[in-house]
Amino acid sequence: MNNITLELKNITKRFGGITALNKVNMSLKKGDIHALVGENGAGKSTLIKILTGVHKNDAGNIILDGSTINLKNPIDARKKGIVAIYQELSLIEELTVGQNIFLGHEPISNEKFGITDRKKLYKKSREYLNRFELEIDPEIPIKKLGMGQKRIIEILKAITIEAKILLLDEPTTGMSKAEIDKFFEIITRFKNKDLTMVYISHHLEQVFKLSDKVTVLRNGEKIKTHKTSEVDKETLVHDMIGENLEDEFPDHHSKVKDEVKLEIKNLKTEEMQEKLSFQLFAGEILGVTGIIGSGKSELGRALIGYSPKQYGEIKIENEQIHINSPVDAKKAGMVYTPEDRKTQGLFLDLKIEENLIIPNINKVLSNLRFISNSLKKQLSLSTAKKLNVKPLDTNMIVKNLSGGNQQKIVFGKWLMSNPKIMILDEPTKGIDIGAKKEVYKLINDLADQGVGIIILSSEFQEIKNLSDRILILRNGQIIKEVKSEDITEKQILSSALGGK
Amino acid sequence: MDNSSLERKIKSNNLIDTYKKEIGLVGIILILFVIFSFVSEYFLSSSNLLNITRQISVNFIVAIGATFVILSGEIDLSVGSNAALSGMAAAFILTSTNSIPLAIIGGILTGGLVGSINGLITVFGKVQSFIVTLSMLGIARGITLAWSGGKPISGLPFEFSIFGAGYWGIIPIPTIISFIVFIFGYLYLNKTKHGIYIRSIGANREAAKYSAIPVSKYRIYTFIIQGLTCGIGGIILTSKLLSAQPSVATGLELDVIAAVILGGASLSGGVGTLIGTLFGATIMGIISNGMNLIGISAFYQQIVRGIIIIVAIAAQKRA
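As given, the protein sequences belong to chains A and B, one line each in that order.
Residue numbers are given in numbering that gives the first Met the number 0: position 157 of the first sequence equals residue 156, and the series is strictly consecutive.
Residue numbers are given in numbering that gives the first Met the number 0: position 188 of the second sequence equals residue 187, and the series is strictly consecutive.
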């Protein structure tokens, strides 16, 4: 079998006492798109980091084109043709497309002074862009491109240095549905006998659409490699979590009460396209969905007064409330968990304890208005327990937690404040199925206690299965309001996209 | 594992982790002690050690305020000019009213006023604090010079010298003042919600806003605190010389920022402690004092000080 380009044999990696990878075997066939799936903490990132020379494996061999290699660092891996494309892009916004593609290996016109040859740079860039039928002008700055196109340029950059193995880590992060479709189309154009791709994604539908083979990791062990065409979603999910899919969404016995918790009339802020009006009932989970650009997050920010209000009324429990800042919103009992937990939701460099306590600091003040350390510990520990945060160490720096546990902290900091209304923006973005289930259960429990919940999400399955009622937004307008039992996932998608 | 043993484990790990930087700083201080006590037998005498605490007092007091500003992710370059202006204001009030309490209150409030202007422009004018306070550095110094006509205000009543030159027993009064400011600062930073809010704003301003923290208010507070400490520092300087010198405290901002950063704070905000600042200011003080004792010229002192700061900070980053 000499059409195997990269082979991993018994790769083992330990961090302290924790085994991140245990005797993992995997082989990549030349020209394949090989998907790698598994929950957060399954070992995908560690595997990528070993393949790019960031970490050194404790045992096992990496065999590239028949010979065992030793990867010293990412530059070394890159020289050997292994390139990773991470969720965070490495493009320079102010430089042009062409300059980015050839960054670090620009065509030179004068050897002695190392002057770059602009003409040649753009000519070569055009050749590459044309080869893959990409209609992108190489002379415009990167910042003018959308997320999908940026990701494509990043891949093109790897191709120009003759990468043999491309590791794509959640490449569709931040792309709209339309961009994703376009991206898939282009990815298949990149496919050829010399380029092997490893595709890491939580989105199984993408795995099915793109990949030739799929390998499942669980708790640092390889469970199985399937031919994608011979496996179904249930089997994969079962391999990933060892449980069946039906368990993903909790049984939701709707307990919507006939009392209006929140009433919005003609609300509009600077960043919203249209005025919006709707109601939310006690104990209700209201799903608000739409594709990127539909105005979901803008609505969330408007409700808590993050961006200045222009028009409209907000009534909470039939009382008119003036909300001009998140401080006002919290006072009125309405809280919001933002979409991007790393930049908006968390203090990554602070401890779990501090993250949980900061928004609720008044609860741990003594009579002298001093912070009580014991109260702080006690309250944060009990909340972390309730959230099932792992590890249960409130002194842990939040940066070091897995995505799912981070999301629990974002969620948990508001639990303590006993909110009347919770607005959750993409509450399960980028977290694994196990953590999702826990978040769903927390949401359900809160609704059962009579909290009004608004979920802003672009995951239609989540919207369909979690909500009592669904609002579909498009271009800032509510285009459909429907009970969740009266609509299917497909219908949600087609209304969101603007179909019938 | 049951809860109490888990908590105990967390605690012991935590102590070492939390004070890792401080332990390193104490190490540096000890090394400096050893070196200077070898080259000068006077260095370790109690009168010299107390003298060091007096020498660092102004730098330390202003650095306490700077710790808050830097923690919130901002910078204040106008502290030297602000101290000079505040000291001048105190002297002016003292000569015109003959009331020491009024002079002190007036001096401190002048510092606070300059700080609040810095804060308001930075926050509501949405101008970077570097630019705002760089401008204020010139403005406040200019006001001081114009006000005094470039000449010192002297002839202050002798009793006023107690704050800068006085002793309580063998302990210098400026040392006592800096200790009191430190205690207030420490409680404010670590025991009140204001402190944790300021730290969180520096750690991630967006997240702080989404966490329903009144971000603008607390950002302005840090500049006011900084200003008040400049006021106190300015009064000590005026008192020590029994005259307000318009060019006093020139370049103070650099020593202050160096002390805070040496103490382990990060210029990008969110990281830093007042204990660290105390050690940072102490290290700077020991270096100056020791070099004076050995008789190194002021020109070379600057070079040596610069090198030691760079080496100390680089060593910290590695630890």
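Honestly, the hints are just simulated from the structure, not real lab data.
Every residue gets a Cβ at the ideal spot worked out from N, C-alpha and C, and that includes glycine.
Any given hint could turn out to be false.
Chain A regions said to be covered by chain B (calculated; three or more residues, Cβ under 8 Å) [said to hold, decoys possible]:
| hint | segment |
| --- | --- |
| 1 | 163-170 |
| 2 | 206-219 |
| 3 | 323-329 |
| 4 | 432-440 |
Pairs of lysine-lysine, DSS-like flavour, derived with a Cα cap of 27 Å [as the list claims (entries may be wrong)]:
| hint | chain 1 | residue 1 | chain 2 | residue 2 |
| --- | --- | --- | --- | --- |
| 5 | B | K208 | A | K435 |
| 6 | A | K384 | B | K190 |
| 7 | A | K143 | B | K125 |
| 8 | B | K150 | A | K398 |
| 9 | B | K208 | A | K376 |
Each hint, compared with the structure:
1. 163-170: violated (count 0)
2. 206-219: Not satisfied, violated; 0 residues make the cut.
3. 323-329: holds (count 5)
4. 432-440: violated (count 0)
5. K208(B) / K435(A): Holds - the C-alpha atoms of K435(A) and K208(B) are around 26 Å apart, at most 27 Å.
6. K384(A) / K190(B): With a Cα-Cα distance of about 25 Å, the restraint between K384(A) and K190(B) holds, given a limit of 27 Å.
7. K143(A) / K125(B): With a Cα-Cα distance of about 25 Å, the restraint between K143(A) and K125(B) holds, given a limit of 27 Å.
8. K150(B) / K398(A): 55 Å, violated
9. K208(B) / K376(A): 24 Å, holds
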